[in-house]
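Novice: Going line by line, the protein sequences match chains A and B. According to my numbering, the first sequence is numbered sequentially starting from 1. According to my numbering, the second sequence is numbered sequentially starting from 1001.
The set of hints was computed from the structure by calculation and includes no laboratory data. Note that the structure is predicted; figures quoted are calculated from it, not measured. Heads up, the beta-carbon is just placed ideally off N, CA and C, and yes, glycines get one too. Mixed in with the good hints there might be a few duds.
[As the list claims (entries may be wrong)] In silico DSSO-like links for lysine-lysine, alpha-carbon gap of 27 Å or less:
| no. | chain 1 | residue 1 | chain 2 | residue 2 |
| --- | --- | --- | --- | --- |
| 1 | A | Lys99 | B | Lys1077 |
| 2 | B | Lys1009 | A | Lys99 |
| 3 | A | Lys288 | A | Lys199 |
| 4 | A | Lys199 | B | Lys1015 |
| 5 | A | Lys260 | A | Lys99 |
| 6 | A | Lys99 | A | Lys67 |
| 7 | B | Lys1009 | A | Lys199 |
| 8 | B | Lys1015 | A | Lys179 |
[As the list claims (entries may be wrong)] Each pair of labels, with its calculated beta carbon distance range:
| no. | chain 1 | residue 1 | chain 2 | residue 2 | range |
| --- | --- | --- | --- | --- | --- |
| 9 | B | Ser1049 | A | Met144 | 19 to 27 Å |
| 10 | A | Arg64 | B | Val1061 | 41 to 49 Å |
| 11 | B | Leu1084 | A | Pro152 | 48 to 56 Å |
| 12 | A | Leu85 | B | Gln1176 | 44 to 52 Å |
| 13 | A | Gly236 | B | Ser1049 | 31 to 39 Å |
| 14 | B | Leu1084 | A | Asp62 | 37 to 45 Å |
| 15 | A | Arg64 | B | Thr1012 | 25 to 33 Å |
| 16 | A | Gly97 | B | Leu1196 | 43 to 51 Å |
| 17 | B | Leu1196 | A | Lys99 | 33 to 41 Å |
| 18 | A | Arg3 | B | Ile1259 | 41 to 49 Å |
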Amino acid sequence: MNRQTIRNNGTALLFLGPWFIGLIVLSLGPMAASLYLSFTDYNMLQAPNGIGFENYVRMESDPRFLKALEVTFTYVLLGVPLQLLTAFSLALFLNRGLKGLALFRAIFYIPSILGPSVAVAILWRQMFGLEGIFNELLSVFGVMPKSWVADPSTSLYTLITLLVWQFGSPMIIFLAGLKQIPETLYEAAAIDGAGPFRKFWNITLPSLTPIIFFNLVMQIINAFQAFTPAYIVGGGQGGAIDSTLFYTLYLYIKAFTEFKMGYASALAWVLLVICGVFTWLLFLSSRKWVHYES
Amino acid sequence: MSRVYAANKGVTAIKTAIAVIASVAMLYPLLWMLASSFKPQHLIFQDLSLWPDVFTLENYVNGWNGFTNITFGTFFKNSFVVVLFCIIGNLLTCSMAAYAFARLPFTGRNFWFALMFASLLLPHHVVLIPQYILFDSLEWINTYMPLIVPKFLASDAFFIFLMVQFIRGLPLELDQAAKVDGCNHIQIYGRIIVPLLLPAIVTTSIFTLIWTWNDFFSQLIYISDPRKLTVALALRAFMDTMGQSAMGSLFAMSILSLIPIFVFFLVFQRWLIEGIATYGVKG
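Here chain B stands alone, though its shape is the one from the complex (with noise of 0.2 Å):
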């Protein structure tokens, strides 16, 4: 028996020692990112090493002081601008759509819950040409409602069945017990079934802040004023401006935009990893 467990906890070591290496190598790129944003720009090319043998701030001063006078200040205040309403949207709306398909009774339910679930899978380049053109004759080009306005409607179907899923699980006595007490359909809502959806309120507001951080083609499309870029298209327009001679102003910027995502990814990641787990959330 004791030579069984010997041999089982000498696999364990030679499967934690692959992962650690598999670990190291995923990561080395992102690391080495690291690394060169805090080396001298004339050291960054062709040196593999993780840790700067000359250490330096200058790139992130470099980087910071952004271009045409606005600084990576401003474009960091405007894409926490975006995340925060593009969350407060889905939140609200997707919650309340949620409950409607979770607990009442309606005509079509399943019809409109089924039109749902298909807007799922359908690619958003289909309605992405009207809906420019609709903003554009509303003159939202250069302002943050075409990002924002569309989570006020529900349009992150992804969320409305997350929530639909997990009101489905909470037990219906609770709702009948508030009904005897005289409660309506908005107080059920608002003071049973919107405190005990604290786990999915959570998971949609990471996933909407990393959705929205990453996001590029929308903004692409819609934000070209220098004052109004995000952190992605200011490292897109930063890029191209500066090109090769200031990579390491890039990459410092490119870390820094980084580090609101990770931060929150190591907050929640237990939250993150049951909501793929359970729901399938992509990326």
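This is chain A alone, in the form it adopts within the complex (with noise of 0.2 Å):
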């Protein structure tokens, strides 16, 4: 290395050393003590002893466990793509011919600011409780009231709702894709006599799949994460025999409850390889169906 290059690097250094920092010792250095950690008995009072796959075998007869998975893979793959369809919906919907589309834009965009917070959970906690308006607004219809939240065929629903509603932000991200569609491809189009549906389907949805495909990345591996709405609803437990259990519910009463570090951390690398793989497969996809622009 000659002088210039040590000199540049050493600049580098100082702009860069707090994320250094950071990297080494809140990621990597974490990430590595936690793969460690899911081959230990670790549990915060004696030293961990090696204990090799054990942690992961045992998931396999954890009856939570499994729930947690079923529970989990049922809130994103239900959710997601309710979310983005009507998300997408709206935004072709409020795309053309509409007067205050800022106004629109911004009411829409309120659920995704406000939904991920405490206050919100326990909204939703009270409207599909026993006592809550949803039973109110069905009785208009004659249906008998009980708490959505408490019954276990129907709670996870509740969740699917919440998420679903906060539709905005990925929305608002399709919107700003339309509007970057050549209006010239439409008018080449209506000179071919093509009509609407095929406009769409042969302008508008290709012109989109990047974006969808982005969306699609962002939600699902936002979802998997999703704890507070589940915590909240389920108060701190998994809900009705476990129906709302959500993954990273079951790694926190594992790691912060009963303080089975081990175990948490090996569920931990487990949700870490789910989604390395959802966004793998779905990067694989990609290939066959999001048209970049040559």
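With the hints as a guide, bring both chains together as one complex.
Specialist: Printed below as a string of structure tokens:
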């Protein structure tokens, strides 16, 4: 290395110093440590003992782990597509021939800002509770009142509703994408005699595939890590017969109420692998359906 | 021609009407909570109306008194302190890192940048437990250090990425002119780049505020001392101790807890929406 390179690296280190320390102390180091802990029986009291793959093997016969997987997969695989479909439809609807777009865009965005809070989770728990307004609304149609939050067959769907309700932020990204599509494409298609469906299928949809892809990756990763609504609605546990036991909630219970840090670390690594596999599969499939402008 | 125009006008009117109805439906739960917070406790349940027949402030008075002799004033102050330091940390260290990635030549820049980008997709839970053990050994449990210190180590890679994109859009001639005038990198960063970074600084500040204010998971893990609870933790504790009998007060405090982020949203919504549209910010 010559003198100039050394000087450049020195300057860079000055600016990157905090980030670099963070990378080692808060990311890479802890990642290595949690991988190590996942092969131990660490419980915060005694020094960790190596137990090989036992934590991972044990998961297979842990009913709460299996339940948490089922609940989380249902939440992600049902909630995210519904949320994105809502976001996409409303973006298409708002895009043209509407006065006050900026106002509606802002209104539809409000649930995305306020939705992740404890306050809204409390509201949801009340709305879908036995004495909640949802029952009051349904009583008009003669439906018998019940607690939608406490009934294990419906509790998860109240949380999926909460996720779908927060469609504002992907909707704004879709709207920004729609504005990018050149008008000339539609004009050319109109000259060729294409109707609205053909225009949608051959121009709008392909042009938006990169944005659909981006939203899918981001929302899936976020949904896998959802915690607050499940914690509040289920009262810090997994709700009735663990029907709302989100994966992160189970991890929290294992780590911070039972202090089974070894097992919880293994759970964290399984979550990492699941998120990684999903992202990888999406990237693989993207070659088949995502169109990038060349 | 005029008939087409009239038809379009009709379509616009119908679409606007649908959009208004959808907006009201979307906001109904929030408006209902707002209205209920002004209703007497016994009238809250099974009253769908958005206008209280009997208007009272007792929910706010009772709620503000909090629990175990600690008022919500303390909890709000705690949340604001955490948010303030998180914003300072993010602005300072993320902008420094972004300057290096965007403007400085150094060994392995692409590698480090890729690593930074990859950390965006990393689930936080995989570093959670060792971080907890580390902060515990530093005796930082029940302090705000575990919430604040990571922000001073540029741990929110998303904001680095946002600022890198922004700095790359600034003309290089500015740097070169400053260099000719004898500025070093610290001066270029402080005098040229940071002032021009204002839009990214505003976006970063608002999103840090919203995410930190809404954050529940990290605060739940690190803070349990009643005097140190943040608003999010206090609401949950209030719900657990009071239950259904104090739903009015719980609603009143929930509404208060939403006001800071809502006000910032109203004031800065143009920045927020442009920020999402440009960089694809999550929730």
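Novice: Are the hints correct? Go through all of them and say.
Specialist: To see whether the hints hold, each was checked on the structure:
1. A/Lys99 / B/Lys1077: Judged against 27 Å, a Cα distance of about 41 Å means the pair is violated.
2. B/Lys1009 / A/Lys99: 10 Å, holds
3. A/Lys288 / A/Lys199: Holds, at about 21 Å.
4. A/Lys199 / B/Lys1015: 20 Å, holds
5. A/Lys260 / A/Lys99: Violated: A/Lys260 and A/Lys99 sit about 56 Å apart, past 27 Å.
6. A/Lys99 / A/Lys67: Violated: A/Lys99 and A/Lys67 sit about 47 Å apart, past 27 Å.
7. B/Lys1009 / A/Lys199: Holds, because 22 Å separates the two Cα atoms, which is no more than 27 Å.
8. B/Lys1015 / A/Lys179: 19 Å, holds
9. B/Ser1049 / A/Met144: 19 to 27 Å: Given about 23 Å between the Cβ atoms, the range holds.
10. A/Arg64 / B/Val1061: 41 to 49 Å: Hint holds: Cβ distance 43 Å, inside 41 to 49 Å.
11. B/Leu1084 / A/Pro152: 48 to 56 Å: 42 Å, violated
12. A/Leu85 / B/Gln1176: 44 to 52 Å: 49 Å, holds
13. A/Gly236 / B/Ser1049: 31 to 39 Å: Since A/Gly236 and B/Ser1049 have Cβ atoms about 32 Å apart, the given range 31 to 39 Å holds.
14. B/Leu1084 / A/Asp62: 37 to 45 Å: 42 Å, holds
15. A/Arg64 / B/Thr1012: 25 to 33 Å: 54 Å, violated
16. A/Gly97 / B/Leu1196: 43 to 51 Å: Hint violated: Cβ distance 38 Å, outside 43 to 51 Å.
17. B/Leu1196 / A/Lys99: 33 to 41 Å: Taking Cβ atoms as reference, B/Leu1196 and A/Lys99 lie about 35 Å apart, which means the hint holds.
18. A/Arg3 / B/Ile1259: 41 to 49 Å: With Cβ atoms ~57 Å apart, the hint is violated.
The structure shown violates the earlier hints numbered 1, 5, 6, 11, 15, 16, 18.
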